[in-house]
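Novice: Read off the chains here:
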Amino acid sequence: QKEVEQDPGPLSVPEGAIVSLNCTYSNSAFQYFMWYRQYSRKGPELLMYTYSSGNKEDGRFTAQVDKSSKYISLFIRDSQPSDSATYLCAILDQGAQKLVFGQGTRLTINP
Amino acid sequence: KAGVTQTPRYLIKTRGQQVTLSCSPISGHRSVSWYQQTPGQGLQFLFEYFSETQRNKGNFPGRFSGRQFSNSRSEMNVSTLELGDSALYLCASSSPGQGRTQYFGPGTRLLVL
Numbered sequence: 005q006k007e008v009e010q011d012p013g014p015l016s017v018p019e020g021a022i023v024s025l026n027c028t029y030s031n032s033a034f035q036y037f038m039w040y041r042q043y044s045r046k047g048p049e050l051l052m053y054t055y056s057s058g059n060k061e062d063g064r065f066t067a068q069v070d071k072s073s074k075y076i077s078l079f080i081r082d083s084q085p086s087d088s089a090t091y092l093c094a095i096l097d098q099g100a101q102k103l104v105f106g107q108g109t110r111l112t113i114n115p
Numbered sequence: 098k099a100g101v102t103q104t105p106r107y108l109i110k111t112r113g114q115q116v117t118l119s120c121s122p123i124s125g126h127r128s129v130s131w132y133q134q135t136p137g138q139g140l141q142f143l144f145e146y147f148s149e150t151q152r153n154k155g156n157f158p159g160r161f162s163g164r165q166f167s168n169s170r171s172e173m174n175v176s177t178l179e180l181g182d183s184a185l186y187l188c189a190s191s192s193p194g195q196g197r198t199q200y201f202g203p204g205t206r207l208l209v210l
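Line order of the protein sequences matches chains A and B.
Counting from 5, one number per residue, gives the positions in the first sequence under my numbering.
Counting from 98, one number per residue, gives the positions in the second sequence under my numbering.
Keep in mind the hints are simulated off the structure, nothing from the lab.
Ideal Cβ positions, reconstructed from N, Cα and C, are used throughout, including at glycine.
Take these hints with a grain of salt, some might be off.
Claimed, not checked - Here chain A is said to cover these stretches of chain B; the calculated rule only asks that three of the stretch's residues, wherever they fall, bring their Cβ under 8 Å from a Cβ of chain A: (1) 147-157; (2) 199-208.
To be verified - Residues from chain B that keep clear of chain A, each with C-beta distances beyond 10 Å, as calculated: (3) Ala99; (4) Ile109; (5) Arg112; (6) Gly113; (7) Ser124; (8) His126; (9) Asn174; (10) Thr177; (11) Ser183; (12) Ser192.
As the list claims (entries may be wrong) - Short derived list, chain A residues pointing at chain B, Cβ under 10 Å: (13) Gln42; (14) Arg45; (15) Leu50; (16) Tyr53; (17) Leu96; (18) Leu103; (19) Phe105; (20) Gly106.
For reference, chain A alone in the conformation it holds in the complex (with noise of 0.2 Å):
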């Protein structure tokens, strides 16, 4: 079992759809999470960054942990071109003082 799991899609929404994002993870010790956004050709870019459970929202993103669940979301307000990308979930593996990454879900936004 990969330690991080996510849907790669591709997932393709209209414009001005709520996109949601999952991952699960399978170490319950885990407590940093992180959603990067990737455009092609780019480095990942960090886009929310959220400590142990419950919701951070900035601007039209909003990140979401379920600890007890070991599920984490990103979800996206109000869609827009600009969004298409691929979305990475990470979680800090404080032990090993590294990223663990999700696979990314490719997300494209239709205008």
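We have chain A already, so just place chain B on it with the hints.
Specialist: Leaving out everything else, chain B in the frame of chain A:
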């Protein structure tokens, strides 16, 4: 602040050659991590350096090595290149005070022929 920079951005090598990639972290960041990204395996951790010391290493063969200098700049080296080493190599820097949030550079795209 300037972001993480990586050089070169693109590289073409042939099997058996070796390659050195360079990474300059964000000013003030002392931790540098390296990752390999391929379509099949996604992003995989290579190693992490802090204050010129390798603190952790991923599950890669010994052909992959790295080092960090006193100014926190880092290099990674791949010897005896194989076709399967073709990938995007990403460097990330972090500061302990930020909960170890990692900021990535644009990557070096390596093609091995």
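Novice: Against chain A, does Thr177 of chain B hold up as non-interface, every C-beta pair farther apart than 10 Å?
Specialist: It holds; Thr177 of chain B is separated from chain A by about 25 Å at its closest Cβ, greater than 10 Å.
Novice: Can we confirm that no CB of chain A comes within 10 Å of the CB of Asn174 of chain B?
Specialist: About 19 Å separates Asn174 of chain B from the closest Cβ of chain A, which puts it past 10 Å; holds.
Novice: Restraint: Arg45 of chain A near chain B, CB-CB cut 10 Å. Satisfied or not?
Specialist: The hint holds - Arg45 of chain A has a Cβ within 10 Å of chain B, the shortest such distance being about 8 Å.
Novice: Find the nearest Cβ of chain A to the Cβ of Ala99 of chain B and say whether that gap is larger than 10 Å.
Specialist: Per Cβ check, Ala99 of chain B is outside 10 Å of chain A; nearest 14 Å; holds.
Novice: Checking a non-interface call: every C-beta of chain A should be farther than 10 Å from the C-beta of Gly113 of chain B. Is that right?
Specialist: Gly113 of chain B clear of chain A: closest Cβ-Cβ about 27 Å, beyond 10 Å.
Novice: When you look at the beta carbon of Ser183 of chain B, is every beta carbon of chain A farther off than 10 Å?
Specialist: The assertion about Ser183 of chain B holds, with a minimum of 15 Å to chain A.
Novice: Is the Cβ of Arg112 of chain B farther than 10 Å from every Cβ of chain A?
Specialist: Fine: 24 Å to the nearest Cβ keeps Arg112 of chain B off the interface.
Novice: Take a quick look at Ser124 of chain B and tell me if its Cβ sits farther than 10 Å from every Cβ on chain A, holds or violated.
Specialist: 17 Å, holds
Novice: Please settle this one: Ile109 of chain B was flagged as non-interface, so is its CB more than 10 Å from every CB on chain A?
Specialist: 16 Å, holds
Novice: Holds or violated: Leu50 of chain A as interface residue toward chain B, Cβ cutoff 10 Å?
Specialist: 6 Å, holds
Novice: Three or more residues of the segment 199-208 of chain B near chain A by CB distance under 8 Å?
Specialist: holds (count 7)
Novice: Against chain B, with CB atoms and a cut of 10 Å, does the hint on Leu96 of chain A hold up?
Specialist: 6 Å, holds
When held up to the earlier numbered hints, the structure conflicts with none and fits them all.
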